[in-house]
Amino acid sequence: MDSSLNPYSPGSGRRPMELAGRQAEIDAFDLLVAITRHGRHERSLVLHGLRGVGKTVLLNEFRRQAERADFVVVSLEGREAEGGPEAVRAKLGRGLLQAGRKVNRPGIGGALKRGLGSIASFSAQLGVTGIDIGVDMTRGRADSGSIEVDLEEMVEDLSGALAEKRSALVFLIDEMQDLDRGLLAALLAVQHQAGQRDWPFYVVGAGLPDLPAVLSEARSYAERLFTYRSIGALPPDAAESALVVPASKYGATYTPEARDALLAASGGYPYFIQEYGKAAWDTAPEKTITIEDARIAIELGRAQLEQGFFLTRWERATRAEKDFLRLMAQDGDAGSSTRDLAERAGRKQSSMTMTRAALISKGVIYPPALGRVAFTVPGMADYISRLNAL
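Quick note on numbering: the working numbering labels position 93 of the sequence shown as 93, and the sequence is numbered without any gaps.
Derived by calculation from the structure, the hints in this document are not laboratory data.
Treat the hints with care, since some could be wrong.
[What the hints assert, rightly or not] Restricting the straight-line Cα-Cα distance to at most 25 Å, the calculated cross-link-like pairs of lysine to aspartate or glutamate (DMTMM-like) are:
id: 1; residue 1: K91; residue 2: E77
id: 2; residue 1: K165; residue 2: E61
id: 3; residue 1: K165; residue 2: E217
id: 4; residue 1: K102; residue 2: E223
id: 5; residue 1: K249; residue 2: E61
id: 6; residue 1: K362; residue 2: D132
id: 7; residue 1: K362; residue 2: E315
[Stated by the list, open to error] Label pairs and their calculated CB-CB ranges:
id: 8; residue 1: L387; residue 2: G130; range: 42 to 50 Å
id: 9; residue 1: E343; residue 2: A303; range: 18 to 26 Å
id: 10; residue 1: M17; residue 2: A345; range: 29 to 37 Å
id: 11; residue 1: S220; residue 2: G130; range: 35 to 43 Å
Quick caveat, the model's predicted, so the values are computed rather than measured.
Ideal Cβ placement from N, Cα and C applies to all residues, glycine included.
With these hints in hand, go ahead and build the complete structure from the sequences.
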């Protein structure tokens, strides 16, 4: 078939043509917007799950919903490739200034000008200068040098003006578990204040399955600030829609055998469905995708996943870390007891602590519970097992 018409779009954060199985999360954010437009505050949202399940896609969808409601939106990722926590904080400051430029329109009132002044002074405290948003930063506060104090003052100064417009300030934070603890604690403290004082301010986060525990460690009341949504593999009917509907919009169909084989290979994970669907479309010569086409597509899709999804994580690991991952792979995707891993390696558990910590820092594994570790990527155990068999 014509590759230029391929309706599948594997890629980090790319919205699929058919966003199946996530309507509950979209509706929850719609409700947050509606409640805010009525002048009240709603609990914010946190999405948690493995990589490849579509959390970033949902954050991008939330951004579109918020912007349609004329909310002030700042997007942020918890970890920058270079620069560490300072780079993340600088990106927050730049995002706020850029949002402030959009808000600063002719005829805005004094309350909003004061809020924009606080954005300017808050961003300056984060080391961000050179972006003129048309206000004097001396009009605002948020200049103490304490991230928690300044963030609270900035949000408070904006809130009155935003509430008058039935608008809100929304931070959308991907990989939230990787935020530095000072910034994370400040965001949670201000979200707590917003709920108590009806400020139109929301922190909407996404991250790995241990994100709820990370938030609770940062602030004990975090479990009451958010509606937590576990995002995983799609249920069978939604997975089928994600695979079949995009092709049908271009007049293509799957035989039942081809459909079932591709869905089984994908495990219902949205990113994998997109990868296998793309391979099936490019493979099939006719608009009916057969089991023979599906078998070829599974091989091609698996090769693409190995190169783009698994190999990059494997190659970031040191020799000692790869040995640790091989031990984990014997337990599959369900996770491993660190005690069992030590016994399997014939070593003391304490001797593996640094290796475990390094792999968590690299985002290859995460701690689902005390004394346990699991892969952040579905199918990683199978990939490593196949590597060992070569």
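Each hint, compared with the structure:
1. K91 / E77: 9 Å, holds
2. K165 / E61: The hint holds at about 22 Å.
3. K165 / E217: 35 Å, violated
4. K102 / E223: 33 Å, violated
5. K249 / E61: The given pair, whose Cα atoms are some 21 Å apart, holds under the 25 Å limit.
6. K362 / D132: It is violated: about 36 Å lies between the C-alpha atoms, which goes past 25 Å.
7. K362 / E315: Measuring from Cα to Cα gives roughly 11 Å; hence the hint holds.
8. L387 / G130: 42 to 50 Å: 48 Å, holds
9. E343 / A303: 18 to 26 Å: Roughly 35 Å apart at Cβ, these two residues miss the hinted range, so it is violated.
10. M17 / A345: 29 to 37 Å: 46 Å, violated
11. S220 / G130: 35 to 43 Å: 39 Å, holds
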